[in-house]
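K.L.:
Sequence:
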Amino acid sequence: MIYRSPYPEVQIPEVPLTEYVLRRAASLGDKPALIDGQSGRAVTYAQLPELVARVSVALRLRGFEKGDVLAVFSPNTPEYALAFHGAASAGGVVTTINPLYTAEEVASQLRDARAKYLLTAPQLLERAREAARDTSVEEIFVFGDEQEGATAFASLVESGTGASLPPVEINPREDLVALPYSSGTTGTAKGVMLTHHNLVSNLCQFKGAGLDWSDDTLICVLPMFHIYGLVAILNFGLSSGSTIVTLPRFDLEQVLGVIQNYKVTIAHLVPPVVLALAKHPVVERYDLSSLKTVFSGAAPLGAQLSEECCARLGCKVMQGYGMTETSPVTHLSQQGGDKHGSVGLCVSNTECKVVSLETGAQLGPGEEGELCIRGPQVMKGYLNRPDATAATIDADGWLHTGDIGYADDECNFYIVDRAKELIKYKGFQVAPAELESLLLAHPSVADAAVVPSPDAEAGEVPKAFVVARGDGALPAPEELMSYVAARVAPHKKIRRVEFVEQIPKSPSGKILRRLLVAREREQQAGKN
Numbered sequence: 000m001i002y003r004s005p006y007p008e009v010q011i012p013e014v015p016l017t018e019y020v021l022r023r024a025a026s027l028g029d030k031p032a033l034i035d036g037q038s039g040r041a042v043t044y045a046q047l048p049e050l051v052a053r054v055s056v057a058l059r060l061r062g063f064e065k066g067d068v069l070a071v072f073s074p075n076t077p078e079y080a081l082a083f084h085g086a087a088s089a090g091g092v093v094t095t096i097n098p099l100y101t102a103e104e105v106a107s108q109l110r111d112a113r114a115k116y117l118l119t120a121p122q123l124l125e126r127a128r129e130a131a132r133d134t135s136v137e138e139i140f141v142f143g144d145e146q147e148g149a150t151a152f153a154s155l156v157e158s159g160t161g162a163s164l165p166p167v168e169i170n171p172r173e174d175l176v177a178l179p180y181s182s183g184t185t186g187t188a189k190g191v192m193l194t195h196h197n198l199v200s201n202l203c204q205f206k207g208a209g210l211d212w213s214d215d216t217l218i219c220v221l222p223m224f225h226i227y228g229l230v231a232i233l234n235f236g237l238s239s240g241s242t243i244v245t246l247p248r249f250d251l252e253q254v255l256g257v258i259q260n261y262k263v264t265i266a267h268l269v270p271p272v273v274l275a276l277a278k279h280p281v282v283e284r285y286d287l288s289s290l291k292t293v294f295s296g297a298a299p300l301g302a303q304l305s306e307e308c309c310a311r312l313g314c315k316v317m318q319g320y321g322m323t324e325t326s327p328v329t330h331l332s333q334q335g336g337d338k339h340g341s342v343g344l345c346v347s348n349t350e351c352k353v354v355s356l357e358t359g360a361q362l363g364p365g366e367e368g369e370l371c372i373r374g375p376q377v378m379k380g381y382l383n384r385p386d387a388t389a390a391t392i393d394a395d396g397w398l399h400t401g402d403i404g405y406a407d408d409e410c411n412f413y414i415v416d417r418a419k420e421l422i423k424y425k426g427f428q429v430a431p432a433e434l435e436s437l438l439l440a441h442p443s444v445a446d447a448a449v450v451p452s453p454d455a456e457a458g459e460v461p462k463a464f465v466v467a468r469g470d471g472a473l474p475a476p477e478e479l480m481s482y483v484a485a486r487v488a489p490h491k492k493i494r495r496v497e498f499v500e501q502i503p504k505s506p507s508g509k510i511l512r513r514l515l516v517a518r519e520r521e522q523q524a525g526k527n
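For the sequence shown, numbering that gives the first Met the number 0 gives the first residue as 0, with consecutive numbering after it.
Quick caveat, the hints were computed from the structure, so don't treat them as lab data.
Errors might be hidden in some of the hints.
[Unchecked claim] Cross-link-like lysine to aspartate or glutamate pairs, in silico, EDC-like; alpha carbons within 20 Å at most:
(1) 262 - 252
(2) 492 - 477
(3) 30 - 49
(4) 262 - 215
(5) 338 - 306
(6) 352 - 367
(7) 206 - 350
(8) 425 - 454
(9) 379 - 395
Could you build the full structure based on these sequences and the hints that come with them?
P.N.:
Below you can see the structure in the form of C-alpha cells.
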C-alpha cells in the first residue's frame with residue numbers, strides 16, 4: 000500500500016530559497032538571528048538581508064555567475080549563513096565540505112563539483128590551499144583576517160557595500176542551490192543536486208507538520224556542511240524567525256553551557272549526543288530547564304534511549320527521518336506523541352511505500368521492507384551520474400532509500416536496518432567502498448570488506464574483514480588501521496580489524512556484505 004501524509008497539503012511558493020528564508024527578516028528588527036556561541040558575536044534579522052545582499056553583489060562583481068559553484072570548507076560560524084545565501088541569491092550553487100576532510104578528499108570534491116571559489120576557516124587554510132591546486136578554484140576566501148593566498152571574507156562583504164545589480168533570474172524547479180555530497184545507497188560520495196524548489200518544499204513541509212519555532216532559541220552544533228544542519232536547523236530556523244546559536248564543534252560541556260546560558264529551547268542532536276544527555280553525570284551540573292524539545296536525526300534513535308532522555312531532562316524527544324537526497328526530511332514524529340523509537344509520519348505532500356527486497360511488491364502494516372519516497376523534496380539527481388540517479392529514483396519518481404523499516408497501524412514508521420552499504424558513525428556517512436579501495440592498496444592485503452560494527456557510543460564503527468597475502472606474516476591490525484587513518488577524515492577511520500580466510504561473494508563477485516554484517520552483530524552481541 001501507499002502511505003500518504005496525514006498532514007494537510009501545503010502550498011509551495013515558486014520562489015528562490017533565499018527570498019523564502021528571509022521573507023520576514025526585516026520585520027524582526029534587532030532580534031538576534033545568529034549568535035556565535037563562543038564569542039557572543041551576533042547578526043540581527045535587520046542586518047541579515049543587507050549582509051547577504053552585499054555578499055551576493057560582491058561575488059557577482061568578481062565574476063561569479065549563475066550556475067557557478069562556491070565551496071564552503073569550514074566549521075559552523077554565523078558567516079556560513081551569509082556565504083550560503085549570498086551565493087544562492089547570486090544564482091550560484093553551494094557545495095558544502097566536511098572540515099575534517101583531508102586535502103585529497105577536499106580536492107576530489109572540488110574537482111567533481113567544478114568549484115569556482117573556495118571559502119574556508121583560518122585553521123583549515125593550509126589544507127584548503129593544498130586541495131585547491133590543480134582544480135578549477137580561482138580564488139580562496141577565508142573567514143577572519145586576510146592571509147597569504149586568501150582574501151578575507153570581511154573584505155568580500157565590504158566590497159559589496161553600496162553597489163547594486165539587477166536580480167538574477169532563478170527558475171526554482173530547475174536551478175540548483177545546494178550540492179552536498181552523499182554516498183547514497185552504495186558506492187563513493189556523489190554530488191546531490193538540490194534545487195531551490197526542493198529546499199523550499201522541505202521548509203514548507205516542516206511547517207505543514209505543525210512546527211513553529213518563531214519564539215525559540217536553537218543550538219546549531221550539528222555541522223552546517225551536513226544537510227541536517229544546513230536545512231533543518233539553519234534554514235528552517237531563519238525562515239521561522241528563531242535565534243540560532245552556533246558552535247564550531249561538539250564538546251559536551253560547551254553544549255551544556257550554551258543551552259544554559261542562552262536558554263536554548265530546541266536542541267537538534269544525533270543519537271550519540273542524546274546518549275550523553277541521558278547518561279553522562281556532568282549533565283547534572285547544568286540548568287537545562289529551558290529545553291523544551293530534543294530533536295534527534297541522522298541515525299535511528301532507540302525507544303529506550305529516547306525515553307531515558309525524556310525522563311532525565313523533562314522535555315519532549317522527537318525524531319525525524321530523511322536523506323541528503325530528500326532535502327532531507329520525509330518523516331517527523333508527532334509533537335507530544337508517545338511513539339518512542341518511531342521516526343513518525345510522512346510529512347505533507349509526501350508519499351511512502353514499503354516494498355519487498357526480493358520481489359518489489361508493496362507491503363502492508365507491520366511488514367518489513369525497503370522504504371521508498373516520492374515528493375517535491377526528492378533531489379533532481381546525482382551530479383554527472385545518470386547511472387546512479389536511475390538506480391536510486393525509478394521511472395515513477397520513487398526514491399529507493401536503501402533503508403529497511405515498517406509502518407504500524409497508525410502510519411507511524413520505524414527504521415530497523417539498512418539494505419544499503421552505508422555506515423553511520425555518529426551520524427556521519429562512511430562509504431565501505433572507499434575504505435576497501437584503500438585497504439586493497441596496502442601490500443599485505445589480498446582482499447577486504449568493510450561493514451558497520453555495532454558500537455554503544457558511535458552507533459556504528461567501520462570494521463574491516465581482511466584476507467592477508469599468503470607470502471608473509473599477518474600485518475598487525477594497528478598497522479592497517481593507521482594506514483587508512485592517514486588517508487581519510489577521522490570519522491572514516493577503521494576501528495576494528497578481523498583476518499579471515501576469504502570474503503564471501505556472489506557468483507558475479509559482489510561482496511555478500513549482509514553475511515558479514517550478521518556475523519559481526521552476533522559477535523558483538525556475544526560480548527555484551
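K.L.:
If a hint holds in the structure, say so; if it doesn't, say that too.
P.N.:
Here is how each hint holds up against the structure:
For a cut-off of 20 Å, the pair hint linking residue 262 to residue 252 stands: about 15 Å separates their Cα positions. Between residue 492 and residue 477 the CA atoms are separated by roughly 11 Å; this keeps the pair inside 20 Å, and the hint holds. A hinted pair counts as satisfied when its Cα atoms are at most 20 Å apart, and residue 30 with residue 49 qualifies at roughly 15 Å. At most 20 Å may separate the alpha-carbon atoms for a hinted pair to count; residue 262 and residue 215 meet this at roughly 9 Å.
Taking the CA atoms of residue 338 and residue 306, the gap is near 10 Å; set against the 20 Å cutoff, the hint holds. Restraint check: the Cα-Cα separation between residue 352 and residue 367 comes to about 11 Å, which is no more than 20 Å; the hinted pair holds. Straight-line distance between C-alpha atoms of residue 206 and residue 350 comes to about 17 Å, which keeps the hinted pair within the 20 Å bound. For the suggested pair residue 425 and residue 454, the alpha carbons sit about 10 Å apart, so the restraint of at most 20 Å is met.
Our distance criterion of 20 Å between C-alpha atoms is met by residue 379 and residue 395, whose separation comes to about 14 Å.
The earlier numbered hints are all upheld by this structure, with none contradicted.
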